[in-house]
Amino acid sequence: MTDVTITVNGREMKGAVEDRTLLVQFLRENLGLTGTHVGCDTSQCGACVVHVDGRAVKSCTMLAVQASGSSVTTIEGLANGQELHPVQAAFREHHGLQCGYCTPGMIMTAVDMIERHGSSLDEETVREELDGNICRCTGYHNIVKAILSAAGASQAPAMAAE
Amino acid sequence: MGVEGIGAKVLRKEDRRFITGRGRYVDDMSVPGMKYAAFVRSPHAHAKIASLDTSAAEAMPGVIGVLNGRQLQGDGIGNLICGWAVSSKDGTPMKMGAWPALASETVRHVGQAVAIVVADTQAQARDAAEAVMVEYGELPVVTRAVDALKDGAPQLHPEAPGNLIFDWEIGDKAATDAAFAEAAHVTKLHIHNNRLVPNPMEPRAALGLYDPAEDHYTCWTTSQNPHVARLVMSAFYNVAPEHKLRVIAPDVGGGFGSKIYIYPEEIVCLWASKRTGVPVKWTSDRTEAFLTDAHGRDHETEVEMALDADNKILALRVETVANLGAYMSLFSSATPTYLYATLLSGQYDIPAIHANVKAVYTNTVPVDAYRGAGRPEATYVVERTMETAARELGISPADFRRKNFIRSFPHQTPVIMAYDAGDFDATLNAGMEAADVAGFEARREEAKSRGKLRGLGMSCYIEACGIAPSKAVGSLGAGVGLWESAEVRVNPVGTIEILTGSHSHGQGHETTFAQLVAERFGLPVDNVQVIHGDTDKVQFGMGTYGSRSGAVGMSAIHKALDKVEAKAKKIAAHVLEADEGDIVIENGEVKVAGTDKKLGWHEVCLGAYTGHNLPDGMEPGLKEGAFYDPTNFTFPAGCYICEVEVDPETGTTDIIQFVAADDFGRVINPMIVEGQVHGGLAQGIGQALLEGTHYDESGQLTTASYMDYAMPRAWDLPMFKVSTTETLCPGNPLGMKGCGEAGAIGSPPAVINAITDAIGNNELTMPATPEKVWKALNAVR
Chain A
1 MTDVTITVNG REMKGAVEDR TLLVQFLREN LGLTGTHVGC DTSQCGACVV HVDGRAVKSC
61 TMLAVQASGS SVTTIEGLAN GQELHPVQAA FREHHGLQCG YCTPGMIMTA VDMIERHGSS
121 LDEETVREEL DGNICRCTGY HNIVKAILSA AGASQAPAMA AE
Chain L
1 MGVEGIGAKV LRKEDRRFIT GRGRYVDDMS VPGMKYAAFV RSPHAHAKIA SLDTSAAEAM
61 PGVIGVLNGR QLQGDGIGNL ICGWAVSSKD GTPMKMGAWP ALASETVRHV GQAVAIVVAD
121 TQAQARDAAE AVMVEYGELP VVTRAVDALK DGAPQLHPEA PGNLIFDWEI GDKAATDAAF
181 AEAAHVTKLH IHNNRLVPNP MEPRAALGLY DPAEDHYTCW TTSQNPHVAR LVMSAFYNVA
241 PEHKLRVIAP DVGGGFGSKI YIYPEEIVCL WASKRTGVPV KWTSDRTEAF LTDAHGRDHE
301 TEVEMALDAD NKILALRVET VANLGAYMSL FSSATPTYLY ATLLSGQYDI PAIHANVKAV
361 YTNTVPVDAY RGAGRPEATY VVERTMETAA RELGISPADF RRKNFIRSFP HQTPVIMAYD
421 AGDFDATLNA GMEAADVAGF EARREEAKSR GKLRGLGMSC YIEACGIAPS KAVGSLGAGV
481 GLWESAEVRV NPVGTIEILT GSHSHGQGHE TTFAQLVAER FGLPVDNVQV IHGDTDKVQF
541 GMGTYGSRSG AVGMSAIHKA LDKVEAKAKK IAAHVLEADE GDIVIENGEV KVAGTDKKLG
601 WHEVCLGAYT GHNLPDGMEP GLKEGAFYDP TNFTFPAGCY ICEVEVDPET GTTDIIQFVA
661 ADDFGRVINP MIVEGQVHGG LAQGIGQALL EGTHYDESGQ LTTASYMDYA MPRAWDLPMF
721 KVSTTETLCP GNPLGMKGCG EAGAIGSPPA VINAITDAIG NNELTMPATP EKVWKALNAV
781 R
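Going down the list, the sequences are from chains A and L. Residue numbering for the first sequence follows the working numbering, beginning at 1 and increasing consecutively. Residue numbering for the second sequence follows the working numbering, beginning at 1 and increasing consecutively.
It should be emphasised that the hints constitute simulated quantities derived from the structure, not laboratory data. A quick note: this is a predicted structure, and the numbers were derived from the prediction, not measured. Glycine included, each C-beta is placed from N, C-alpha and C at the ideal position. Among the hints, a few may not be true.
[To be verified] Simulated restraints on C-beta separations: (1) Asp3/A x Val480/L: 53 to 61 Å; (2) Asp3/A x Gly62/L: 41 to 49 Å; (3) Gln66/A x Gly33/L: 27 to 35 Å; (4) Arg116/A x Val31/L: 38 to 46 Å.
[Unchecked claim] Computed list of chain L residues with no C-beta within reach of chain A, every gap over 10 Å: (5) Lys89; (6) Met618; (7) Phe720.
Just chain A, same shape as in the assembly (with noise of 0.2 Å):
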């Protein structure tokens, strides 16, 4: 067992963990940070996105051992109090989700998407950055227009429904 100091959603937070234990399962067992999610095993998927450091990371990819120093974001830290992230709001507002599942990676990736991208994100943009996380039940086309909103972009999709 290794002992492991992380501040999560800006607490320190320290655990003993077997070597092998992913930061995921760090979050989800030692910690009961639930939201994080777990939809794959080979990081195709995206449910299981974080923020390490201000970058987005896949947590069943790294390491809890690794992480160890690092400064972690997850779903359950973005919003400020009662009042939601930018990004959450849109998701709802565009009904970019339905069975929640993905929804805590999808949202994270975003996140760190529009802090790269700003305003200038486009919808070919927003598919490209989509292509580590995997939606069921969307179809994208709702978690596109979530996050072109979100990120105030000029360039509407060019096919909306409406």
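Based on the hints, put chain L in the right spot on chain A.
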């Protein structure tokens, strides 16, 4: 009525917990003393179990117990069953092979469970599972259904000689043969409907808890129908008596059919909890999901369509071989029969139809209903044939369809279904306008100038939803009735709880069901709580599948609301000294029409509970329940149009536009309906372009992860153009038809019709990968 009533785009009540990471899925559950399970699974597709040695595993760190199939059998746990009896055309019953939850003698597909390990941590359980030593004697393997029917094929079940489960037919063979004898033209096609893996993003999970103090069991499970799970686990599998078993399906992360069935894992976790004395949680990993979740589709079909000289369809003849995998899953027999062949008339007036379906065992994962369940297979057969016939006849696919549309309702097809309402011209016209079909040839020319091949494909689907009238399905072999139940509990302060037997795993029931209350009483949806998924809270229900939660589930709520409204009016009439017939309820007020006499809704509700001033003989309280049994299936229908551009150098297909024009009857929340269509389209386009399930000769599933099985990603899909037209369903009080499966049903033939149009070769199978498209294109160049 009101801004949150029927037809309003109300944002989802359930979203807040999901977007803040506070959803509660089964794997998020934790109970005191809980331990973790891992299953020992067969690495062979077909083998005898020679020996099973658990001693090394039992000695490993953290291991609490290792249990096997003999112990399971010894404790009287029953085999898994198929709950829909389908007989062969000679009258013999279907041949159901024994399916124990843990195999003790023979394994018949890779991934079949043979033992369970319970340990302190998931990692310890998985480590120990690898230390269970199983000796197998390998047997010959067959994975394709057509091969399994051949002489000398490996035999799976002694109960099913020749691997044949049933040889079933529907329709009038003599009339069909006679029509073909008169035909001016016959269009023939061979169709392969590719096997799909449903892949809800939440893998299945089960948490079994046996409480010896109360001799009571609780099972948290990823189920679309927890009450059915409770019934089946108690009545058929003998896991626990029904009154001692609580089944909870909390937030469930998608189902698409695959979470209808009661699987070995939840049975074994409950049993193992009693055996080991600890709560036992199992969570599937993704490869386990590929190897154990029921798959979908997998049909091989020969179809022939007979036409007269005037291009009218005379008859349809269909021969299908359906691969049901290694065991008969819960509703596997219904999918390739009553949910498939009954839809072979499509949107067309076809005087004679005959279909023959052989259902077959193979050494593959069991196959059952997956989004659409039989209806996508039927639509693919009909709509690929329609497009092919139009091309052979040299007429426009739209005109050919119009020529044969059903326009008079009700319409009795030759294959059981009686269509109650529809307007197929309306959806076709809406689709063609949205897709600018008139401008297509110019776009094709423009693409050609860039060296690209454009194609346009159409699909006019119809499906049967609102599953289903209990008497009708009973006569067809169903082991259950398919009604739905609801209870409306009005609290003394006027807020309302709706308890429903439907289950939401992404469909947004907590919002749309509350909209019925907003419509009825003018109350805000925030004053309504929808409760589902817990057999201790909701008395009974048949669950969510077959696009039934609107047409059937909401009809039950509607009936219960009728009763609540009637009682509330009686109370108000008594208090206001008015005639009951003059009472109206709107905007949260209970009024005497044409006067200023009124009560607040909450005053009536409080009055019902204080009982101080009720009509003589009236019971206090305001709580009503209803069971609703539909009178017919419902028939959503629509027109889907796909425009593609193929790169002849690479065979890559780009979807330029996808148009869906649907008739779902009454729409409660257009935002949610559009979302359902988007998701269905993604799965249908995934089937057409990407999703291939592949077994090698030894029966290994070589596409058992997201590295190998191509799930549709954002990059693969366009923005969709969706719209609805509306003919009300006369069969239920809300006029609803259902929208959950249409996208997956209607889209695959539209995509393939478009690609084959682009490349000028009709020989193309799904998934139409770049390699296949390139080969098909170069075969005719």
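Against the structure, the hints:
{"no.": "1", "hint": "Asp3/A x Val480/L: 53 to 61 Å", "in the structure": "holds, 54 Å"}
{"no.": "2", "hint": "Asp3/A x Gly62/L: 41 to 49 Å", "in the structure": "violated, 21 Å"}
{"no.": "3", "hint": "Gln66/A x Gly33/L: 27 to 35 Å", "in the structure": "holds, 31 Å"}
{"no.": "4", "hint": "Arg116/A x Val31/L: 38 to 46 Å", "in the structure": "holds, 42 Å"}
{"no.": "5", "hint": "Lys89", "in the structure": "holds, 38 Å"}
{"no.": "6", "hint": "Met618", "in the structure": "holds, 43 Å"}
{"no.": "7", "hint": "Phe720", "in the structure": "violated, 6 Å"}
This entry does not satisfy hints 2 and 7, going by the numbered hints stated previously.
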